[in-house]
Each structure stands twice: as structure tokens, then as C-alpha cells.
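Engineer: Sequence:
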Amino acid sequence: MTTTAPELPIEVDSETGIWTSDALPMLYVPRHFFINNHVAIEEALGAEKYAEILYHAGYKSAWHWCEKEAELHGLEGVDVFEHYMKRLSQRGWGIFITEDIDLDAGTARVRLEHSAFVYQMGKVNRKIEYMFTGWFAGAMDQILAARGSEMRTVAEQTQSGAEEGCEYGLFVVTPEN
Numbered sequence: 001m002t003t004t005a006p007e008l009p010i011e012v013d014s015e016t017g018i019w020t021s022d023a024l025p026m027l028y029v030p031r032h033f034f035i036n037n038h039v040a041i042e043e044a045l046g047a048e049k050y051a052e053i054l055y056h057a058g059y060k061s062a063w064h065w066c067e068k069e070a071e072l073h074g075l076e077g078v079d080v081f082e083h084y085m086k087r088l089s090q091r092g093w094g095i096f097i098t099e100d101i102d103l104d105a106g107t108a109r110v111r112l113e114h115s116a117f118v119y120q121m122g123k124v125n126r127k128i129e130y131m132f133t134g135w136f137a138g139a140m141d142q143i144l145a146a147r148g149s150e151m152r153t154v155a156e157q158t159q160s161g162a163e164e165g166c167e168y169g170l171f172v173v174t175p176e177n
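Sequence positions in the sequence shown follow the UniProt record's numbering and run 1 to 177.
One or more of the hints may lead you astray.
With a straight-line cut-off of 25 Å between C-alpha atoms, the simulated BS3-like cross-links for lysine-lysine are [unchecked claim]:
| # | residue 1 | residue 2 |
| --- | --- | --- |
| 1 | K86 | K68 |
| 2 | K123 | K60 |
| 3 | K49 | K60 |
| 4 | K86 | K60 |
Hint data in this document are derived by calculation from the structure and do not stem from the laboratory. Please read all numbers here as calculations on a predicted model, not as lab measurements.
All chains should be built: construct the whole structure from the sequences, respecting the hints.
Structural biologist: In C-alpha cells form, the structure reads like this:
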């Protein structure tokens, strides 16, 4: 394994200690801390209810992030989506690879390799990265809206690296019915 310095721009306010990346305040916490909290909430609420809550929160956050980053960097269309995948990958969640994206059709397929959830939880034989699902629809819908499209999408995790026989996670985005 080789290591590199973070490619993500990080600034720390010397007075407050607040970390920022891409002009957004960030928290830097150990992976086990975050995932242990995630699992505790899942156990209290149930995976299905927790996934629903996270879908909507993640959708909203992805929309906001993509809107701000597109404006800041002068990005549009697929470039916004790819920039988002790059930044997510640089933050330690895993490596997000856009296998396919078609803005006109409102579809995308994203592969997740080296999932932080799988590294922490192992092969638990279920889909465990549902936290990310709303991110993909939120990003796609922000991009579509910026292009003047009224189409909206939904995202679904179709496989997880935590499932037997699967080496990576897979998410698909399709138009909302």
C-alpha cells in the first residue's frame, strides 16, 4: 500500500479550530466513531427507517453541495457529478466510480470500491452503504435543475461489498415514476 497526502483542500481556522473544505465546515472523526454511531442509530430505528431518513437528508445535502461547487468552480453537467464523486472519494468514504451517466435519460450507475462501511463492518451479507443512496439522486437532480429540466430521479443501492459474492457496492439512478 502506498500513501499520499490528502488531495482535498483543508483549511483550519486558528482561532476556532473549525476545518473547512470547499468552503464548507467539516468534522474530522475516526471511522470507527462514525460507523459505531451509525450502527447504534440503525439498531434503535431499524435499517429501513434509518435508510429512509438518510436518503432525504443526503439528497438535500448533495443538492446543496453540487449547487455551491458548480457555482464556485464554473462546472456544469457531468463535470459537477464527477467532481462530487472525486470529493466523496477524497474524504475516505470509499472510491466512487461513475460507470455510466446519461443526463438526458436521468440515469447513472456508480460503483463503490473500498467502502468505509465494509472495512469497518466486514461481510455482513446485506446492503450497508445505504447512507450514500440519496446523495446520487440529489446530485443528479441538482444538475438536471441547473440545465432547466423538470425531471427528478431516485437512487437505489443494488449491491454491497458487504454481501457474499460481491466485491463492491453498486448504486443506480433512474427517473422518478
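Engineer: Look at each hint and say if it fits the structure.
Structural biologist: Against the structure, the hints:
1. For the proposed pair K86 and K68, the alpha carbon gap of about 15 Å is at most 25 Å, so the pair holds.
2. In summary, the hint linking K123 to K60 is not supported, as the alpha carbons are separated by about 30 Å, beyond the 25 Å threshold.
3. Under the criterion of a C-alpha separation no larger than 25 Å, the hint pairing K49 with K60 is consistent with the structure, at around 17 Å.
4. At roughly 19 Å between alpha-carbon atoms, K86 and K60 fall within 25 Å of each other, so this suggested pair holds.
The structure shown violates just one earlier hint, number 2.
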